[in-house]
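Visitor: Sequence:
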Amino acid sequence: MNENNISDENLKLYSNLLKIQNHQQDNIKQRISELDTKLEDLKNINDSNSENIDALLQMAENLDQELEININNSDINQAMSLTTEEKIQIDKLIDEFDEIEKVDYADDWNSFVNNNFDYANNFNLKVNEDSFKELLNDSEQKEILDRMKNDYNLGPLELDKYDYLVASLSGILSGLIDVFFIGEPLDSKKMRARINNKKNHEKLKNSLKNENYSKDEIEKILKKEREIDKEKVQNMSDSKLNKKIDEAADKIVFKFASFVYEYDKKNNQLVANKKKKFDNIAGAIGYLEKRFKVPYDARYAKDLNLSNSDLNMLPRNHHLKSLGHMPDVFGLFFSILDQFRHTTTVVDNGKITTHITPKFEGKNGKKNFELQGHTFIAKILCGVVNWLGHLMSDLVGSSGTRGHENKKGAGIPMPFYGLTQLMAFNISKGKNDMPTTFAKITEQVYVNGYDARFGATLAIPVVLNEVIIRLFWTIKQVYYNNKQLKSVLKINKSREMDRLLLVGQGTLCLVDGIDAFARSGGGQNFVLMLSRMNLVGWTRFGMCAFKETANIYTDSKNLKKLDRDLEKEWELLLKSSL
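Mapping of the sequence shown onto our numbering: position 121 corresponds to residue 117, and the numbering continues sequentially without gaps.
Hints are computed from structural coordinates only; laboratory data are not their basis.
Keep in mind it's a predicted model, so treat the numbers as computed, not measured.
DSSO-like cross-link-like pairs, simulated, lysine-lysine; straight-line CA separation at most 30 Å:
| hint | residue 1 | residue 2 |
| --- | --- | --- |
| 1 | 298 | 403 |
| 2 | 355 | 375 |
| 3 | 404 | 272 |
| 4 | 228 | 239 |
| 5 | 247 | 262 |
| 6 | 15 | 556 |
| 7 | 270 | 247 |
| 8 | 226 | 240 |
| 9 | 199 | 226 |
| 10 | 251 | 286 |
| 11 | 251 | 403 |
| 12 | 98 | 122 |
| 13 | 557 | 15 |
| 14 | 88 | 25 |
| 15 | 15 | 34 |
| 16 | 479 | 157 |
| 17 | 228 | 216 |
| 18 | 273 | 286 |
| 19 | 194 | 220 |
| 20 | 355 | 273 |
| 21 | 239 | 273 |
| 22 | 8 | 564 |
| 23 | 273 | 262 |
| 24 | 272 | 289 |
| 25 | 404 | 273 |
| 26 | 404 | 298 |
| 27 | 247 | 271 |
| 28 | 247 | 236 |
| 29 | 236 | 195 |
| 30 | 403 | 194 |
Per label pair, the in silico range of CB-to-CB distance:
| hint | residue 1 | residue 2 | range |
| --- | --- | --- | --- |
| 31 | 568 | 160 | 38 to 44 Å |
| 32 | 239 | 264 | 36 to 42 Å |
| 33 | 286 | 373 | 25 to 31 Å |
| 34 | 545 | 268 | 51 to 57 Å |
| 35 | 366 | 517 | 50 to 56 Å |
| 36 | 5 | 94 | 32 to 38 Å |
| 37 | 348 | 298 | 18 to 24 Å |
Beta carbons are placed, not taken as given, at the ideal position from N, Cα and C, and that holds for glycine.
Modelling step: build the complete structure from the supplied sequences, incorporating the hints.
Guide: See below:
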């Protein structure tokens, strides 16, 4: 607001002066009400007396006629005159009213203000508090709050301690489900077990040395312990939720491959399995791999005529390194780009590079790969379909890996996870005190099984948390606050829902973060810590935090708008008073 605006201190002063003026008005209204009551009583008495006088006059006339008594004016005046005692009795019946106190008028403003405060002290009026709440009744306050909320999206959030409690408990429950029923990928679990076993073996070795065991005896005992621990690690199994999601992913890929196979068979376009349809997941993946070929599917650096020192790409990480394998908008862009140019775009050491794919170049300039379609738009659409089909072929691993029993294979990364390979900044010391980058840490996390399938598992507690909070809020609004279900379902515009989701998802991430930090030796091993973290939950929490920040920024803008509107109102009031 500009410099001509009323300060908060003056606004408070004016509200208190208005409060004092209202108190004077209330006193006057009360006195007028008392006078009205007395006047009404007096009117009733006069009416009654008038009736009695009429009756007496009638009786007097009757007596005058019967007794022939002559009554003159002197007799009437004598009868109407009051004695001194009668006047005293009548005066006692007259009510006396105290003089109404008022604020004394003053020529200058400060004296006028002081007179008002003297008046307030005489009547014990509180003038140091917010007087507007006392000046407005409940309906007027509600009307103002409703207008602030509807016109300016301001006002206090309609949340109580029970709302925050339910959101927090939902976050804790979802966090515990994440910790105890999901945990981490199987390969990460085995990696953690091997590290812990190595530490335990070192402790056992030192303990045996202190007990004066011979070197041969120590080696014999350690060998036995290593064999036992190795067998335990080999017998480790994935969590039940992870298994369920993996099985569901296999079914999705198999059904998709079956649909494509039947479509190709119907149109006489089979690229494999022409005599017999595949009957297992490895066969389904194999058919999709041949059906949706792409030029950016190099598995080794040598496939691009590069050395391992030029590009660190292997079958276990090529889905992460090749940007066309990202199941997001960036992956789609680089996939279309590579399909048009017969190239492979990779990210390594924080840099994005593009390389010609030799096996798709062919001989005599003839390409071994060509996008279908006769127009540019048609080629784009075919490229999108080819990208989706190839992602499905890689979703649950390669056909070669899934052809072996108990082999899970390297799936595609989670959406936007591939961008972590651009973060090639040093974050810790690795083996032999060599710097380790964040990109290498996230690469190892992915290699350990942190792919899109595991991301789907991680989404379970996050979605559950959101459903519980939204369901609770809907039930409360409908059955407790008696609101219409149609209005409650407008959840995207509810600032209350944004706040509860922030609390719920924040609590989930707090539980998840404490678990990951504790199980990584206090954050000493970043690979193990990231493997235990629910990145889906943290992403959702980040979105909620961004939405809350946007709400705060919007509130700030709306407050400024409210100030401008109030300033206009004050100007109108000032003009109307002049």
